[in-house]
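Undergrad: Sequence:
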Amino acid sequence: MPDAFGLGIFAAGGTHLALVSGQSPMVAVLMGVITAVVGGVLRDVLVNEVPRAFHDHQPYAVIAFAGGWLVVLFDFLMLPASISVLASASVMVLVRLLAVKFGWELKRWRFL
1 MPDAFGLGIF AAGGTHLALV SGQSPMVAVL MGVITAVVGG VLRDVLVNEV
51 PRAFHDHQPY AVIAFAGGWL VVLFDFLMLP ASISVLASAS VMVLVRLLAV
101 KFGWELKRWR FL
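Residue numbers (UniProt numbering): 1 to 112.
For the record, the hints were derived by calculation from the structure and aren't laboratory data.
All C-beta atoms in this analysis are idealised placements derived from N, C-alpha and C, irrespective of residue type, glycine included.
Mixed in with the good hints there might be a few duds.
Unchecked claim - Okay, the calculated beta carbon distance ranges per label pair:
#1 Arg-43 - Leu-94: 12 to 22 Å
#2 Leu-77 - Val-47: 23 to 33 Å
#3 Pro-80 - Leu-46: 15 to 25 Å
#4 Val-50 - Leu-98: 22 to 32 Å
#5 Phe-5 - Phe-102: 12 to 22 Å
#6 Ile-83 - Pro-51: 11 to 21 Å
#7 Gly-22 - Trp-69: 10 to 20 Å
Sequences and hints are given; from them, build the entire structure.
TA: Listed below in structure tokens is the structure:
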């Protein structure tokens with residue numbers, strides 16, 4: 001599923017680039033999440049669909065957030081950037097594919 005690969009690559013890459021540019025870990029992770037989620041939203045908008053990130057309740061941004069912290073951990077452990085980004089992206093892709101396959105969903109909420 002290309003969506004899972006895009007999520008992993010852009011979340012890990014965005015987080016890594018933010019860390020390299022000197023941002024704090026929290027800002028770096030949030031930049032990775034924004035990069036991945038907005039990329040997915042733009043993809044859906046371009047094909048004239050309602051963005052999945054807004055309606056399917058599957059863990060999309062949560063996976064990017066957790067994977068971003070994995071990039072930060074690997075950076076803290078001083079692993080090479082290529083290994084850090086590749087390993088983190090792989091974990092995010094795997095978790096996203098599992099979420100789609102098994103129908104994992106986050107708790108639903110509604111307005112009053």
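Undergrad: Next, verify each hint and record whether it holds.
TA: Hint-by-hint comparison with the structure:
no., hint, in the structure
1, Arg-43 - Leu-94: 12 to 22 Å, "20 Å, holds"
2, Leu-77 - Val-47: 23 to 33 Å, "39 Å, violated"
3, Pro-80 - Leu-46: 15 to 25 Å, "34 Å, violated"
4, Val-50 - Leu-98: 22 to 32 Å, "23 Å, holds"
5, Phe-5 - Phe-102: 12 to 22 Å, "18 Å, holds"
6, Ile-83 - Pro-51: 11 to 21 Å, "32 Å, violated"
7, Gly-22 - Trp-69: 10 to 20 Å, "18 Å, holds"
Violated hints for the displayed structure, listed by number in ascending order: 2, 3, 6.
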